[in-house]
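**Q** Heads up: the protein sequence lines correspond to chains A and B, in order. Read in our numbering, the first sequence has 143 at position 143, and its numbers run on one by one without any break. Read in our numbering, the second sequence has 250 at position 250, and its numbers run on one by one without any break.
Be careful, since some hints might not be right.
Said to hold, decoys possible - For lysine to aspartate or glutamate, the following EDC-like pairs were computed, each having C-alpha atoms within a straight-line distance of at most 16 Å: (1) 19(A) - 129(B); (2) 5(B) - 88(B); (3) 288(B) - 235(B); (4) 17(A) - 255(B); (5) 13(A) - 64(B); (6) 269(A) - 19(B); (7) 17(A) - 92(B); (8) 13(A) - 88(B); (9) 17(A) - 196(B); (10) 127(B) - 64(B); (11) 288(B) - 255(B); (12) 17(A) - 128(B); (13) 19(A) - 255(B); (14) 13(A) - 111(B); (15) 13(A) - 255(B); (16) 152(B) - 92(B); (17) 150(B) - 87(B); (18) 348(A) - 409(A); (19) 9(A) - 128(B); (20) 152(B) - 128(B); (21) 233(B) - 255(B); (22) 209(B) - 64(B); (23) 9(A) - 258(B); (24) 19(A) - 92(B); (25) 17(A) - 64(B).
Unchecked claim - Now the in silico label distances, taken between C-beta atoms and shown as ranges: (26) 118(B) - 12(A): 25 to 31 Å; (27) 381(A) - 54(B): 57 to 63 Å; (28) 297(A) - 164(B): 55 to 61 Å; (29) 121(B) - 363(A): 52 to 58 Å; (30) 363(A) - 165(B): 54 to 60 Å; (31) 115(B) - 12(A): 24 to 30 Å.
To be clear, the hints were calculated from the coordinates, so they are not data collected in a lab. Glycine included, C-beta positions come from ideal geometry on N, C-alpha and C.
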Amino acid sequence: MKTILQLVKKDYKLFLKDKVALSLTFIIPMVLIALFGAVFGGAGDFEKLSLGFVNQSSSKVAKTIETTLDTTKTFRLIKSYKNEKGETVLYDSNTIKTAVMSGKFSAAIVLPEDAFTDTSSSLKMKFYYDPKNDMESQVIQGVLQQTIMQSIPEVFTQSMQKKSESFLGKDTGKMFNSEMNKTISKYFKVDTSEIYGNMNKGTTKKSTDTTKSKKGGFNMFDNMLNLEKYQLVGKQVTNPMATRSVGGWAMMFLLFSLAGASRSLFEEKQSGVMIRLLSSPVTRTQILWSKYIYNMTVGIIQLVVLFLGGMFLFKIDIFSNFLNLMLLITASSIACTAFGMFLASFTKTSAQANGLGTLLILTMSAVGGSWFPVSMMPETIQFFSKFTITYWSIEGFLAVLWRGSGFMEILPFLGILLGIGIVVNIVSYFNFKRGNIFRN
Amino acid sequence: MIQLKNVNKSFSTVKALDDVSLEINGGEFFGLLGPNGAGKSTTMSILIGYLAADSGNIFINGEEVKTDELNFRKEIGFVPQSIALYDELSAEENLKIFGSLYGLPKPELEEAMNSYLNAVGLYDRRKEEVRNYSGGMKRRLNLITALLHKPKVLLCDEPTVGVDPQSRNAIFDFLEKLNADGLTIVYTTHYMEEAERLCNRVAIIDSGKIIALATPDELLQMLPTSEHIYITKNDATVSNVNVFKSYGEIIDNNDRYELRLNKESKLSSFFGALENANVNVQNVTIQKPTLEELFLNLTGKRLRD
Ligand SMILES: Nc1ncnc2c1ncn2[C@@H]1O[C@H](COP(=O)(O)OP(=O)(O)OP(=O)(O)O)[C@@H](O)[C@H]1O
Ligand SMILES: [Mg+2]
């Protein structure tokens, strides 16, 4: 073990001296993440999510929702289509369902006529989505909820004042996504404490400004608290597109740096250092372990640094679910290290490893969703996505950062990543035993 | 001390070692001499347990050498043929890294480092990155890196390639001193002069076979001729060419003759004849036979093409 640590220490020493490796690991990815994040996440339609939209309600609230969604950066509302004659036709509640089913867009919202009436205790909305694009509809739900909540709180203040204890139960649309309601209620739950805080302040100060209708409020919140029994999903995401983009790019660069780190085996062999190491009391297995530990820890550091970068650049909240994020980062790093070692184990030269590595990494990144959400890809490609490390890591990151998933929920991602890591490592180990690195 | 018994090693089509048996005693300065591709490095790789022999046994200090067997490795120091150092680190950092693998206590390692750095004249530049070193400096560092743990056997694979004559001499002196202090050294080279100067015994290897094994002097005895005599061409010598011919074979090399003395001819009588013929002895140079010639003689090819 001591020998392995000495070897790891040596690799870190070399890494810290290597300005190129350092900047390829940290600075360049950060710059690219910032750049692409700004280009795709900020302006432009590229990463906007298409959302079908029909508003049949004449209520003011519905109108407000429509304008809000229209002006968000996240959504591109699609309200009409061109028929065979080339005329522009507005979607109605039927045509929009067909559009979702045919995959024109992965989700649609319909505000029915009675979306919000004077007697409404809640806002009625139909949310149609294609379960195939589960990930994307999750995103849409999350952002939708957040947009609506943040932009038009009065809708819900009004709705609360109606004091209907079960505004959630009335599910009108067949395909109404009940989660929508749950997420909304989650919002209330989250906010109650805040509002309670405000109210307490308000009451002690005897100020009425911050707490309109205190009395009603108290009753209402009592009712709201009953909603806690719902296992809620959906978490407020400050910057969903940037989260995907940071996770995606970080994974790509992780693969690059770990493939590069494994190539150092070739360099050490080339320079004769390998034979010198093996002439001292060091075994081949110890060398492999040292590389493994070194690569894995560098990978973890790299991902943490890039997510920290994401936090500063795009306000991605990495700390509210930090432990689970760390688990995923570790599992991703393990899987990617295995990938790098695998490359080194069956190629013959550094150049081969380089070429093949680049090819595989770019393919994995494209197919696995580093660049665009997998749900936006054709079905056949989506099938292959599931064979990439990238896919499972990114989906895992999104689960943690978007949905606030707990340990049990990310377990499948961890399991798959670790599984990939273990299997690939076993294969590499035997490749190494037969392979070239440790031969003359 | 070191024993190779009927060692064979092939790489796909090439037979790199063909039934090699050697015994090297403690305290020897043993030379392994052979041209490119003779199997010198392969022998070294097998000795350190880096490569496994296809068949045969190897013992160092009574312990059998095997890949992934670590016990004997503490007893050996290995100087690879290539400069096996981390270029981007300083000499000191390199020494620390490789030294640390032997589990030496820090003060001991530190002391060994400083004394060897001094011994090869690198102490003042120990903090400089190795990439800024000259070829000769790198070679010297490459050499002492193998010595930190005070091995009993030093295996050097062509440690002076690309080193200027002066530095080379310094390395020779250094090695000779280590050997005098009791270190067993195995030294591969394709320079005859090196083997002649350094080694008390030399094995000549060619195409994976040991073709001769003796002291340098004994090896020279094996040559059909002993000395080489070169005679500069001028009026006096050209006119006396028949006199020379009576002592041996004359080879006409453009600007000079080469005389290969017959076995029965004596150098002293040849010089007597020169005097009689009024040929200035300054026109004559005598060269001792070299292992190089022995090699040519044994294998029919030159050591270096
Ligand atoms: N890994 C290998 N794969 C295939 N052939 C090899 C390998 N290593 C050595 N050989 C062959 O084995 C033979 C002996 O090589 P070796 O390196 O031992 O020669 P050497 O005496 O050290 O030569 P040099 O003076 O050039 O260093 C050569 O023919 C070489 O081509
Ligand atoms: Mg060699």
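**Q** Next, verify each hint and record whether it holds.
**A** For each hint, the structure was consulted:
Our distance criterion of 16 Å between C-alpha atoms is met by residue 19(A) and residue 129(B), whose separation comes to about 14 Å. Our distance criterion of 16 Å between C-alpha atoms is broken by residue 5(B) and residue 88(B), whose separation comes to about 41 Å. Taken as a hint, the residue 288(B) and residue 235(B) pair is broken in the structure, with Cα atoms around 26 Å apart against an allowance of 16 Å. Of the supplied pair hints, the one linking residue 17(A) and residue 255(B) is violated, its CA atoms being roughly 58 Å apart against a limit of 16 Å.
At most 16 Å may separate the alpha-carbon atoms for a hinted pair to count; residue 13(A) and residue 64(B) exceed this at roughly 35 Å. Taking the CA atoms of residue 269(A) and residue 19(B), the gap is near 28 Å; set against the 16 Å cutoff, the hint is violated. Between residue 17(A) and residue 92(B) the alpha-carbon distance is near 15 Å, which keeps this suggested pair within the 16 Å criterion. Restraint check for residue 13(A) and residue 88(B): satisfied, since their Cα atoms lie roughly 10 Å apart, inside the 16 Å limit.
With a C-alpha separation of about 43 Å, the suggested pair residue 17(A) and residue 196(B) falls outside the 16 Å cut-off, and the hint is violated. Taking the CA atoms of residue 127(B) and residue 64(B), the gap is near 39 Å; set against the 16 Å cutoff, the hint is violated. About 20 Å separates the Cα atoms of residue 288(B) and residue 255(B), which puts this hinted pair outside 16 Å; it is violated. Pair hint residue 17(A) plus residue 128(B) holds up; C-alpha atoms about 13 Å apart against a cutoff of 16 Å.
Proximity of residue 19(A) to residue 255(B) is assessed by CA-CA distance (about 59 Å); at most 16 Å being required, the pair is judged violated. Distance restraint check for residue 13(A) and residue 111(B): the Cα-Cα separation of roughly 22 Å exceeds the 16 Å cut-off, and the hinted pair is therefore not satisfied. The suggested pairing of residue 13(A) with residue 255(B) is violated, with an alpha-carbon distance near 60 Å, which exceeds 16 Å. Only pairs whose Cα atoms come within 16 Å are accepted, and residue 152(B) paired with residue 92(B) is rejected, the gap being roughly 23 Å.
Distance check on the hinted pair: residue 150(B) and residue 87(B) sit about 24 Å apart at the alpha-carbon level, beyond 16 Å; violated. Of the supplied pair hints, the one linking residue 348(A) and residue 409(A) is violated, its CA atoms being roughly 41 Å apart against a limit of 16 Å. For the hint linking residue 9(A) to residue 128(B), the alpha-carbon distance of about 20 Å lies beyond 16 Å, and the restraint is violated. With a C-alpha separation of about 30 Å, the suggested pairing of residue 152(B) with residue 128(B) is violated against the 16 Å cut-off.
With a C-alpha separation of about 6 Å, the suggested pair residue 233(B) and residue 255(B) falls inside the 16 Å cut-off, and the hint holds. Taken as a hint, the residue 209(B) and residue 64(B) pair is broken in the structure, with Cα atoms around 22 Å apart against an allowance of 16 Å. Among the hinted pairs, residue 9(A) with residue 258(B) is inconsistent with the structure: their alpha-carbon atoms are about 62 Å apart, more than 16 Å. Restraint check for residue 19(A) and residue 92(B): not satisfied, since their Cα atoms lie roughly 20 Å apart, outside the 16 Å limit.
Of the pairs offered as hints, the one joining residue 17(A) and residue 64(B) is violated, with about 40 Å between alpha carbons and a cut-off of 16 Å exceeded. Range check, residue 118(B) to residue 12(A): Cβ separation about 29 Å, and the 25 to 31 Å hint holds. Checked against the given bound of 57 to 63 Å, the beta carbons of residue 381(A) and residue 54(B), roughly 49 Å apart, lie outside it. Distance hint check: the CB atoms of residue 297(A) and residue 164(B) are about 44 Å apart, inconsistent with the given range 55 to 61 Å.
A hinted range of 52 to 58 Å holds for the C-beta pair residue 121(B) and residue 363(A), which are about 53 Å apart. A hinted range of 54 to 60 Å holds for the C-beta pair residue 363(A) and residue 165(B), which are about 56 Å apart. At roughly 28 Å, the beta carbons of residue 115(B) and residue 12(A) sit within the given window of 24 to 30 Å.
Violation of the numbered hints given earlier is confined to hints 2, 3, 4, 5, 6, 9, 10, 11, 13, 14, 15, 16, 17, 18, 19, 20, 22, 23, 24, 25, 27 and 28; the remaining hints are satisfied by the structure.
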